[in-house]
Amino acid sequence: MADSGDGDERTPYSAYAVSIYQNGIMTGQLPIVTTDPNGLQAQAKMAMGPESFNYVFGGAGELSTMDANRLAFRQWKIVPRFLRPSNPRDLRTELFGVTYESPLLMAPIGVQSIFHEDKETGLAAACAELQVPYTLSTAATSTIEEVAKVCGDQHRWFQLYWPMDDDITGSILRRARANGYKVLVVTLDTVTLAWRPADLDQAYLPFITGTGNSVGFSDPVFRKKFSEQNDGDQVEDNIISASRYWISQAFPGDHHSWKDLALLKKNWHGPIVLKGVLSVEDAKLAVEHGMSGIIVSNHGGRQLDGGVASLEMLPEIVEAVGDKLTVMFDSGIRTGADIVKAIALGAKAVFIGRPAIYGLGIAGKEGAKAVIAGLLADLDLTMGLSGFKSLSELKPSILRQVRMRTSSIILAAASAASILGAPLDKKANYDPLPGGDITILNYALTLEYLERKFYEEGLANYTEADFCKYAGEVGEKFYKNLKTIYEDEKTHVDFLKGALGASAIPEPTFDFPVSDADSFLALASVLEGVGVSAYLGAAAVIADKTYVPVAGSILTVEARHSSYIRAALRQKPFPTPFDTPLDFNQVHSLASQFVVAFAPGTPALPFKAFPKLTVSPTPSSHGALFEGAYKAAVEAQTVPAGATVYAVFFSGLDTYYTEVAISGNDYIVEQLPEGPEGQVYCVLSTANGNSTKVSDENTVAGVAILEIEEADW
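Position one of the sequence shown corresponds to residue 24 (the working numbering), numbered consecutively onward.
If you are wondering where the hints come from, they were derived from the structure by calculation, not from laboratory data.
Do not take every clue at face value.
Distance condition first, Cα-Cα at most 25 Å in a straight line; then the derived DSS-like pairs of lysine-lysine [claimed, not checked]: (1) K347 x K289; (2) K418 x K307; (3) K631 x K716.
Required output: the full structure, derived from the provided sequences and hints.
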């Protein structure tokens, strides 16, 4: 709850959600920033320039540490409690003898003027209005004094990029202390900037031209020393030289030592917190050297690529030193549930970073305030819905590493909107696409997003032990190879995003019908097979032929994935001498069954879906099992009156037509034809295979995905 200012009356943070509904219903006013944590990034990308967006979005290397942060949160699930009071809720926490209204603090983030003209002063004012402590970065575009003024009586912390010059360090700390900053946060992991491709590809570094140097440029000791070294020049006379001098101080390329902390203690009479601690050994050293607290953080994945997720290390560090100093958390917070998980695993408080900056970039101070208010409301609601009244009730025991529970489908007869095969006799439509190759690349990117997310969630929810029975078919390294497949999909995403640049569409939200390791692998087999067919179908339409070898390279990797997983499932690894190409509408229809939502503002791809088709019972092999009738059910009656309908099966480059009997919405196939094998696609069409060939225009419904094997396989 937040203090309303009326004595003991406290307004719950969740009231913010009510106000959104009220404003929408009464005035038609919608939120100025999306409330969807997955859509916020996409909205920010549209609102901000490419350099500023990439600066805050980007991370180190291939972003593997960033990915690890989010994956770590998904591994933990909240176990709710019911029929117990959870209202009113008290989200207050105590840090260093001070009671704060919530466990949420604003992380130190520099150069905020590149995101919006409201910059640090606007974000600090928003935090003050919400009673969220603001942490000023040494790399700010506002001065220590300017931010202190807008914070008023609200608590504020100061983050230090530790200068090499002790005199400059002492001066900055004295200014911060004199302006009411209560806690000193010393960042350990940024003695130099990391390899950040998003910035390197644009040669974008704002500090070189003076942006983000306001704390140093406004410091009297820094100014004096710069003038002495530059023949009396002032900072304003030579911004580039002054910037280089400041960068050499704030990002010197080398670490201070643990014994140097004595200097900070001498110049700061208050709590000192070390940010960037990720090992138990360093946490114990922080205790040994008299630190008040630590922040378990990997800088949001912006510094060390291939690093451990902050959340992975939090429980271990809390167990080692949690009773000796204050342990806080940073890196990857996106939702109220994330905060609950971090607090339950031992953090006393958490820091929010990128989401608030996205809000700032979208709508300035008010946009940032909306994001933070939404996160607090989400936290409040999550607490209540979980059955907890206060942070003290959040313990490790309320969390479980559990299997995903989502809706299920019969994967052997997967119901896609349409998966019409496109073999040689299919009438293909190769008219130029709106957007040309950009559309094709975004089509491919959507599929790679889907596969990357699918493996990311699967590996987060199932362990090596869950797959042990499959390892017996293909070797003990099966689980390791699944991880390699995941890394391949990540690489495909990164490549396509790089090729598209600012034209890349953001990642949609997906939901996969997986309930255990068995269904995960079954769906993996289907998705890999469709991926191969998708690239086969798209290759002929690419205008810039320099992309064709790339598409072929990805295709062959997807084919290896498919064969490997099929072998693990005891399916024939390569059942046909040819794969089946699929066209854009067919693949779009297949992928759409897993898409929950596209990010707001995502341009629609120019493809359509077909009516849904299911098949029962599920055929699985040739021979006796094919005796009897099979019934296909269509989502909606779309057959032209009096038309004859055919079940069309695609296997490799072969097409098989079988007339069906119609009974209401049911289409009866007396017996499946001999020939189709492996992952077979079935559609209903008015084409008979003789005078007319199957096409998108005469497709009635599709598709059922059938896995058909030889009887003796």
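Structure-based check of each hint:
no., hint, result
1, K347 x K289, "holds (21 Å)"
2, K418 x K307, "holds (22 Å)"
3, K631 x K716, "holds (20 Å)"
In this structure, none of the earlier numbered hints is contradicted; all agree with it.
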